[in-house]
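As a plain string of letters, each chain reads:
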Amino acid sequence: MNTIVKDNVKTLPACQPLSRRQIAERLARDIPEGWYVNLGIGAPLQVADYVPPEREVIFQSENGILGMGPAPAPAEINRWLINAGKQYVTLRSGGSYMHHADSFALIRGGHLDLCVLGAFQVAENGDLANWATTTDSAPAVGGAMDLAAGTPRLWVLMDHTTKTGESRLVRRCSYPLTAIGVVKRIYTNLAVVDVTPDGFAVREMVPGLTLDALQEVTDAPLRMATN
Amino acid sequence: MINKIVQTMAEAMAGIRDGSVVLVGGFGSIGQPNALIDGLIEQGAKDLTVVANNSGVGHVGLARLLETGRVRKIVCSFPRTADPVVFEKLWRAGRIELEVVPQGTMAERMRAAGAGIPAFYTPTAVGTALAEGKEEREIRGRKYILEDALPGDVALIEAWEADRWGNLTYKSSARNFNPVMATAAKTTIVQTQHIVELGALDPEKVATAGIFVSRVLHVPYGEPTVT
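Protein chains in written order, with this note's numbering: chain A, 22 to 248; chain B, 50 to 276.
Rather than coming from a laboratory, the hints here were simulated on the basis of the structure. Errors might be hidden in some of the hints.
Pair ranges (Cβ atoms, derived) [unchecked claim]:
| no. | chain 1 | residue 1 | chain 2 | residue 2 | range |
| --- | --- | --- | --- | --- | --- |
| 1 | A | Pro-95 | B | Asp-132 | 19 to 29 Å |
| 2 | B | Arg-144 | A | Pro-95 | 34 to 44 Å |
| 3 | A | Ala-92 | B | Glu-253 | 26 to 36 Å |
| 4 | A | Arg-76 | B | Lys-192 | 28 to 38 Å |
| 5 | B | Val-134 | A | Pro-95 | 40 to 50 Å |
| 6 | A | Pro-73 | B | Thr-274 | 28 to 38 Å |
| 7 | B | Ala-63 | A | Asp-51 | 54 to 64 Å |
Reference excerpt, derived from the structure (chain A facing chain B, CB under 8 Å, subset only) [unchecked claim]:
| no. | residue |
| --- | --- |
| 8 | Asn-84 |
| 9 | Leu-102 |
| 10 | His-121 |
| 11 | Ala-122 |
| 12 | Thr-154 |
| 13 | Ser-158 |
| 14 | Ala-161 |
| 15 | Val-162 |
| 16 | Gly-163 |
| 17 | Met-166 |
| 18 | Tyr-196 |
| 19 | Ala-200 |
| 20 | Ile-201 |
Derived DSS-like pairs (lysine-lysine); straight-line CA-CA distance at most 30 Å [as the list claims (entries may be wrong)]:
| no. | chain 1 | residue 1 | chain 2 | residue 2 |
| --- | --- | --- | --- | --- |
| 21 | A | Lys-107 | B | Lys-138 |
| 22 | B | Lys-122 | A | Lys-107 |
| 23 | B | Lys-254 | A | Lys-107 |
| 24 | B | Lys-183 | B | Lys-254 |
| 25 | B | Lys-138 | B | Lys-95 |
| 26 | B | Lys-183 | A | Lys-205 |
For each residue, glycine too, the CB sits at the ideal point set by N, CA and C.
Same shape as in the complex, but just chain A (with noise of 0.2 Å):
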């Protein structure tokens, strides 16, 4: 986050952007109670740490997990019971098991609330690049393309820029593409973006931030959100 800040001193105005985690607690506050909802690999898995208890979201995780609980106590981990990310987790009371056909029926069949991914790119079509980079390790992507095209409503956690100042929101994505026109809403540690027929509307700008000076910092034109 700092970094951001540093390589941008000049046209960012005086604001804290937030971190990981408080991108997730905002993203969190926007999960009402009844949602079925489906959290990637990394940032994305701490929104559910910022849903309070008797808020009833239900999880699901690809494996086959439909009412994931919190990562269970060192003396309680039930060493059958992973998520997507290969860490031990819980289930809840109301919670299921289903073998990986059903898992993803439900996913592809538009069954989920939410789907909250993180990405490399977002594009102003809602055109979505998080699984392969231009590094030569072997291409890996898991379930993040049966997500992106299945869930109606598709949520991005990430930075707003890359580490060297570069906008993560970009007019056309440069990265292998994930999904065509998917990605719903995009919270940033800057702002919080709609992707709509016409481009990207900024919502809410962390304080401190103009819209003249997040769009110095963004590749793809923003205007202000009119709802």
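Using the hints provided, position chain B relative to the given structure of chain A.
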């Protein structure tokens, strides 16, 4: 009397031929039938195509099979783990072919194989590098690609409980790919933690019906130690 329970690994592995397509259950190390994989190494079949979600961790189980050089091709969604040393080395050296398949498409291709469906249209991967060379078709205003069923010659499965008819239950998230792979292979070989009397399994809880199972070997190894 039907009795699918075999007493030795040699009986379990009998008849697996060079060039076979082998479906290997598990998600990471959970639900991965490591004893059967070791048995396959001992049995010696080569020129194999392995279908598994991941590509093995460290030097055990699937990674150990790859290390023998008897796997010509691996079909998987996520050939990356905390410690994919064996696969990465083979892949970089051009000694193993990799087919990357979205996780849900992989599960559905096997479900289709087990259900007598030769191919199906899916929205997953449309417009991405993984759709290259595949038939694209617009159905009711949305684009889909055609994916082929993925049948196996052999499936290696891990169960929690089994009876002599081959009825199976699974433990927590160790269910994952196992039930769908059991349906998709000509010969399905099971390692199980527990053998129970016929009639002891609650019919409401049988997750794989014995019709899909060829052989059952009792392997009470305890708990998985890595994820």
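Hints versus structure:
no.	hint	verdict
1	A/Pro-95 - B/Asp-132: 19 to 29 Å	holds (22 Å)
2	B/Arg-144 - A/Pro-95: 34 to 44 Å	holds (40 Å)
3	A/Ala-92 - B/Glu-253: 26 to 36 Å	holds (31 Å)
4	A/Arg-76 - B/Lys-192: 28 to 38 Å	holds (37 Å)
5	B/Val-134 - A/Pro-95: 40 to 50 Å	violated (27 Å)
6	A/Pro-73 - B/Thr-274: 28 to 38 Å	holds (34 Å)
7	B/Ala-63 - A/Asp-51: 54 to 64 Å	holds (57 Å)
8	Asn-84	holds (4 Å)
9	Leu-102	holds (4 Å)
10	His-121	holds (4 Å)
11	Ala-122	holds (4 Å)
12	Thr-154	violated (13 Å)
13	Ser-158	holds (7 Å)
14	Ala-161	holds (4 Å)
15	Val-162	holds (5 Å)
16	Gly-163	holds (4 Å)
17	Met-166	holds (4 Å)
18	Tyr-196	violated (11 Å)
19	Ala-200	holds (7 Å)
20	Ile-201	holds (4 Å)
21	A/Lys-107 - B/Lys-138	holds (23 Å)
22	B/Lys-122 - A/Lys-107	holds (24 Å)
23	B/Lys-254 - A/Lys-107	holds (25 Å)
24	B/Lys-183 - B/Lys-254	violated (39 Å)
25	B/Lys-138 - B/Lys-95	holds (19 Å)
26	B/Lys-183 - A/Lys-205	holds (27 Å)
Of the numbered hints listed earlier, those contradicted by the structure are 5, 12, 18 and 24.
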